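What follows is the residue order along each chain.
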Amino acid sequence: AQSVTQPDIHITVSEGASLELRCNYSYGATPYLFWYVQSPGQGLQLLLKYFSGDTLVQGIKGFEAEFKRSQSSFNLRKPSVHWSDAAEYFCAVANTGGFKTIFGAGTRLFVKA
Amino acid sequence: DGGITQSPKYLFRKEGQNVTLSCEQNLNHDAMYWYRQDPGQGLRLIYYSQIVNDFQKGDIAEGYSVSREKKESFPLTVTSAQKNPTAFYLCASSKQGATTGELFFGEGSRLTVL
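Respectively, the protein sequence lines represent chains A and B.
For the first sequence, the working numbering gives the first residue as 1, with consecutive numbering after it.
For the second sequence, the working numbering gives the first residue as 114, with consecutive numbering after it.
Please note that the accuracy of each hint is not assured.
Chain A regions said to be covered by chain B (calculated; three or more residues, Cβ under 8 Å) [what the hints assert, rightly or not]: (1) 34 to 43; (2) 53 to 59; (3) 100 to 110.
Below 25 Å or equal to it, Euclidean Cα-Cα: the simulated DSS-like pairs (lysine-lysine) are [as the list claims (entries may be wrong)]: (4) K61(A) x K184(B); (5) K61(A) x K170(B); (6) K208(B) x K61(A); (7) K122(B) x K196(B); (8) K208(B) x K196(B); (9) K100(A) x K127(B); (10) K183(B) x K127(B); (11) K61(A) x K49(A); (12) K49(A) x K100(A); (13) K122(B) x K49(A); (14) K112(A) x K68(A); (15) K196(B) x K127(B); (16) K208(B) x K112(A); (17) K112(A) x K100(A); (18) K208(B) x K184(B); (19) K183(B) x K170(B).
Computed list of chain B residues with no C-beta within reach of chain A, every gap over 12 Å [as the list claims (entries may be wrong)]: (20) G153; (21) Q154; (22) G155; (23) Q163; (24) V165; (25) Q169; (26) D172; (27) E175; (28) G176; (29) S207.
Read the hints as simulated data drawn from the structure, not as lab findings.
The structure presented is a predicted model; accordingly, all values stated were derived computationally and were not measured.
Ideal Cβ positions, reconstructed from N, Cα and C, are used throughout, including at glycine.
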């Protein structure tokens, strides 16, 4: 069965420090992978996605993610975190067309001054 | 601007009452979805619809009902049969047949049962 695991419920980083959010997935075929971000009380916004090709994908707001098939991982990174990045981040895996998108439980990011 | 509009943003319900959450999109997307979000559990799929007049149950459809009479609209009814309806509900849409799988979300509706 498809599943997504985000091992960290919450992470705290200092403003200006680098960030890595972990995501592991279980999926039989080549996965379509996503990272979404959610501000409190809001909907989700797509940060980036991976379907094929280059395993390092760039997204909005300076985020990037690397697909590692051997580790079944799709970790999200940002070299320098801003206070406005404080939010909840969701990793997701989908089949073709996105009718069955499976979300991880989310990682809440706190940014300290 | 194109997007998804959910209403109301906040809703309070007494036990035993049905409530309907509205979702309207002007993105011309064929597929629409309802997700439920609870703290620490991510998003769980309630129902989805690929085309007008057709919809399928998701993982947690019990106690919910939907309709898809128009391409733009996908309302969700939370019935009195739903045992624990207090949650944050998110509506989403995506392009039919596209390989992207990207979901576009509304801002959500928070339902509280008193």
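Status of each hint after checking the structure:
no., hint, in the structure
1, 34 to 43, "holds (count 5)"
2, 53 to 59, "violated (count 0)"
3, 100 to 110, "holds (count 6)"
4, K61(A) x K184(B), "violated, 32 Å"
5, K61(A) x K170(B), "violated, 35 Å"
6, K208(B) x K61(A), "holds, 24 Å"
7, K122(B) x K196(B), "holds, 21 Å"
8, K208(B) x K196(B), "violated, 33 Å"
9, K100(A) x K127(B), "violated, 32 Å"
10, K183(B) x K127(B), "violated, 29 Å"
11, K61(A) x K49(A), "holds, 14 Å"
12, K49(A) x K100(A), "holds, 15 Å"
13, K122(B) x K49(A), "violated, 28 Å"
14, K112(A) x K68(A), "violated, 30 Å"
15, K196(B) x K127(B), "holds, 12 Å"
16, K208(B) x K112(A), "violated, 38 Å"
17, K112(A) x K100(A), "violated, 36 Å"
18, K208(B) x K184(B), "holds, 12 Å"
19, K183(B) x K170(B), "holds, 18 Å"
20, G153, "violated, 6 Å"
21, Q154, "violated, 6 Å"
22, G155, "violated, 4 Å"
23, Q163, "violated, 7 Å"
24, V165, "holds, 16 Å"
25, Q169, "violated, 8 Å"
26, D172, "violated, 9 Å"
27, E175, "holds, 18 Å"
28, G176, "holds, 20 Å"
29, S207, "violated, 5 Å"
The structure fails to meet hints 2, 4, 5, 8, 9, 10, 13, 14, 16, 17, 20, 21, 22, 23, 25, 26, 29 from the earlier list, while all remaining hints are met.
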